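Here are the chains, one letter per residue:
Number of protein chains: 2
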Amino acid sequence: MAKKPLILVTNDDGINAPGLRTLIEVLNTIGDIVVVAPDSPQSGMGHAITLDSTLYVERVIVDNEKQEEYSCSGTPADCVKLGIREVLERKPDLCVSGINHGSNSSINVIYSGTMSAAIEAGIEGIPAIGFSLLNYKWNADFSAAKRYVKTISEMVLKHGLPNGIVLNVNIPDISEKNIKGIKICRQAKANWVEEFDKRKNPQGKDYYWLTGKFVNLDNGEDTDEWALENGYVSVVPVQFDLTAHHYIQNLNSWNLNG
Amino acid sequence: MAKKPLILVTNDDGINAPGLRTLIEVLNTIGDIVVVAPDSPQSGMGHAITLDSTLYVERVIVDNEKQEEYSCSGTPADCVKLGIREVLERKPDLCVSGINHGSNSSINVIYSGTMSAAIEAGIEGIPAIGFSLLNYKWNADFSAAKRYVKTISEMVLKHGLPNGIVLNVNIPDISEKNIKGIKICRQAKANWVEEFDKRKNPQGKDYYWLTGKFVNLDNGEDTDEWALENGYVSVVPVQFDLTAHHYIQNLNSWNLNG
Numbered sequence: 000m001a002k003k004p005l006i007l008v009t010n011d012d013g014i015n016a017p018g019l020r021t022l023i024e025v026l027n028t029i030g031d032i033v034v035v036a037p038d039s040p041q042s043g044m045g046h047a048i049t050l051d052s053t054l055y056v057e058r059v060i061v062d063n064e065k066q067e068e069y070s071c072s073g074t075p076a077d078c079v080k081l082g083i084r085e086v087l088e089r090k091p092d093l094c095v096s097g098i099n100h101g102s103n104s105s106i107n108v109i110y111s112g113t114m115s116a117a118i119e120a121g122i123e124g125i126p127a128i129g130f131s132l133l134n135y136k137w138n139a140d141f142s143a144a145k146r147y148v149k150t151i152s153e154m155v156l157k158h159g160l161p162n163g164i165v166l167n168v169n170i171p172d173i174s175e176k177n178i179k180g181i182k183i184c185r186q187a188k189a190n191w192v193e194e195f196d197k198r199k200n201p202q203g204k205d206y207y208w209l210t211g212k213f214v215n216l217d218n219g220e221d222t223d224e225w226a227l228e229n230g231y232v233s234v235v236p237v238q239f240d241l242t243a244h245h246y247i248q249n250l251n252s253w254n255l256n257g
Numbered sequence: 000m001a002k003k004p005l006i007l008v009t010n011d012d013g014i015n016a017p018g019l020r021t022l023i024e025v026l027n028t029i030g031d032i033v034v035v036a037p038d039s040p041q042s043g044m045g046h047a048i049t050l051d052s053t054l055y056v057e058r059v060i061v062d063n064e065k066q067e068e069y070s071c072s073g074t075p076a077d078c079v080k081l082g083i084r085e086v087l088e089r090k091p092d093l094c095v096s097g098i099n100h101g102s103n104s105s106i107n108v109i110y111s112g113t114m115s116a117a118i119e120a121g122i123e124g125i126p127a128i129g130f131s132l133l134n135y136k137w138n139a140d141f142s143a144a145k146r147y148v149k150t151i152s153e154m155v156l157k158h159g160l161p162n163g164i165v166l167n168v169n170i171p172d173i174s175e176k177n178i179k180g181i182k183i184c185r186q187a188k189a190n191w192v193e194e195f196d197k198r199k200n201p202q203g204k205d206y207y208w209l210t211g212k213f214v215n216l217d218n219g220e221d222t223d224e225w226a227l228e229n230g231y232v233s234v235v236p237v238q239f240d241l242t243a244h245h246y247i248q249n250l251n252s253w254n255l256n257g
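Taken in order, these protein sequences are the chains called H and U.
With numbering that gives the first Met the number 0 applied, the first sequence corresponds to residues 0 to 257, in that order.
With numbering that gives the first Met the number 0 applied, the second sequence corresponds to residues 0 to 257, in that order.
In short, the hints are calculated from the structure, not lab data.
Don't take each hint at face value.
Said to hold, decoys possible - Rough simulated footprint, nothing fancy, chain U against chain H, three-plus residues with beta-carbon under 8 Å: (1) 125–132; (2) 234–248.
Claimed, not checked - Think about it this way: if two alpha-carbon atoms lie no more than 25 Å apart in a straight line, the pair counts; the simulated BS3-like pairs of lysine-lysine are: (3) H:90 to U:90; (4) H:136 to H:3; (5) U:149 to U:65; (6) U:188 to H:197; (7) U:3 to U:90; (8) H:3 to H:212; (9) H:179 to H:136; (10) U:2 to U:157; (11) H:188 to U:90; (12) U:3 to H:90; (13) U:157 to U:3; (14) U:149 to U:90; (15) H:157 to H:179; (16) H:65 to H:2; (17) U:179 to U:197; (18) U:90 to H:212; (19) H:65 to H:179; (20) U:197 to H:90.
What you are looking at is a predicted structure, and each value in this text was computed from that prediction instead of being measured.
Think of the CB as a built atom: it goes at the ideal place given N, C-alpha and C, for glycine as much as any other residue.
For reference, chain H alone in the conformation it holds in the complex:
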């Protein structure tokens, strides 16, 4: 019998999040899994890493202990770094992050702790996927996501991913029978228009809550936003070479040395 793949599992909503529990349930059917996840919610952490502070990682028993689990005081990217170097005995065959409670489509990929964990694994040369469900609630229904987590994870194990690319998978918040399938997409050009909620604290000092409205200005039918709005699971190949290669020639024409 072929050896089971070793899968590192993490997230950004914290080790007790229902989205992570769903991921564990599915991945237990296809590999040996080890969980290294933040001990508290880390949404919006982007690709933060812990440089000025100590990191703790400890074995925990969360559910039926089919899998090893470790709780980490750091960010999602820290969890992956620690998981690879200090927890796992060999390089994992796959790293899966999520299932995030809330969308990481389009520009959200930039702010996403879920995706930063996947990207960190990608930087380490490990095939990696981030899964997110378009429902921010703690008690969101993850059942429709299971089938897609399984299919896409198995496909990545089968095909591998080239160095420098990880997958960003978003799942619409509709019932399984209404999901039309999977679409390979590009990241839509969208952004948040912030609306700061300004208040006074009990001492009379102004403070703000960051809130905002999501604005999609991209009408392309090849985007993740289009796919999700139309009942598809979106899969975007994401790279961490941020170079805008097509603009290098233009910049050269500025004669910055002139």
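With chain H fixed as given, assemble chain U onto it according to the hints.
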């Protein structure tokens, strides 16, 4: 006389950092500047934003007050969001972040608070630049950087930048006379090999410090690492559409719906 450009200035080392003070000194010669910077160091914060906590921003007087300055309790990305929506009276003509104490070349762009501030401004449609000096020390010598901050900032004001692109500028830690000029580059394929420093706290519990060794596996002479090692200031056009467009066709061949 033409109206002076309005420049939003921020960083990730905090409002008192010498690198920021150098940036302010130079930018005061080319525009009207407003500073909104973190009240404490935020290195390695990546593109973190503050979702679960309150944000404070208050007017401070740091030096001779040629410029308005605001200290913010949030991350570099928060500073830009708050600066644009709550502090500035109009959309700035340019956003400049830095000068970072330490490199943000190659893969460091991913972890960089300095660059996340520039990218956040880019998302808002504002031409933006992040500057970094390859010296992590607080008392680093920023004098050689001044000329390049001025030249590149003026060029961006003159030419603008297309939507979706910001500049990542790194400056070698050598004297001005030894800098050979500016090179437009791509991000080198490099990464950190983590070496966790494991210790026991006074209560006997294990903890870690994240340390690591930077490894550049990219021999290209068109990379930022090559430019910096050879005495050039590196300028990389950075995009925040992370889609690996060239890989979409390949993923389609997986027949994920099949």
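(request) Could you grab the alpha-carbon distance between residue 2 (chain U) and residue 157 (chain U) and see if it respects the 25 Å cut-off? (result) Distance of about 14 Å is within 25 Å: holds.
(message) Check the hint pairing residue 3 (chain H) with residue 212 (chain H) against an upper bound of 25 Å on the C-alpha distance.
(response) violated (44 Å)
(request) Given the hint that residue 197 (chain U) pairs with residue 90 (chain H), test it: the Cα-Cα distance must not exceed 25 Å. (result) OK: residue 197 (chain U) and residue 90 (chain H) at ~20 Å, within 25 Å.
(message) Would the hint linking residue 3 (chain U) and residue 90 (chain H) be met if the CA-CA limit is 25 Å?
(response) violated (55 Å)
(message) Holds or violated: residue 157 (chain U) and residue 3 (chain U), Cα atoms, limit 25 Å.
(response) Within the cut-off at roughly 12 Å; holds.
(message) Hint check: residue 136 (chain H) vs residue 3 (chain H), CA-CA at most 25 Å. Holds or violated?
(response) violated (33 Å)
(message) Between the alpha carbons of residue 157 (chain H) and residue 179 (chain H), is the straight-line distance 25 Å or under?
(response) Measuring from Cα to Cα gives roughly 23 Å; hence the hint holds.
(message) Check the hint pairing residue 188 (chain U) with residue 197 (chain H) against an upper bound of 25 Å on the C-alpha distance.
(response) violated (43 Å)
(request) Would you check the hint for residue 149 (chain U) and residue 65 (chain U), treating anything up to 25 Å between C-alpha atoms as holding? (result) Roughly 18 Å between the alpha carbons, so the hint for residue 149 (chain U) and residue 65 (chain U) holds.
(request) Mind checking the alpha carbons of residue 179 (chain H) and residue 136 (chain H) for me, to see if they're no more than 25 Å apart? (result) holds (23 Å)
(message) So is the segment 234–248 of chain H in contact with chain U by the C-beta rule, three or more residues under 8 Å, or is the coverage claim wrong?
(response) n = 13 at 8 Å, threshold three: holds.
(message) Run the distance test for residue 65 (chain H) versus residue 179 (chain H): straight-line Cα separation, threshold 25 Å.
(response) Violated: residue 65 (chain H) and residue 179 (chain H) sit about 33 Å apart, past 25 Å.
The structure fails to meet hints 1, 3, 4, 6, 8, 12, 17, 19 from the earlier list, while all remaining hints are met.
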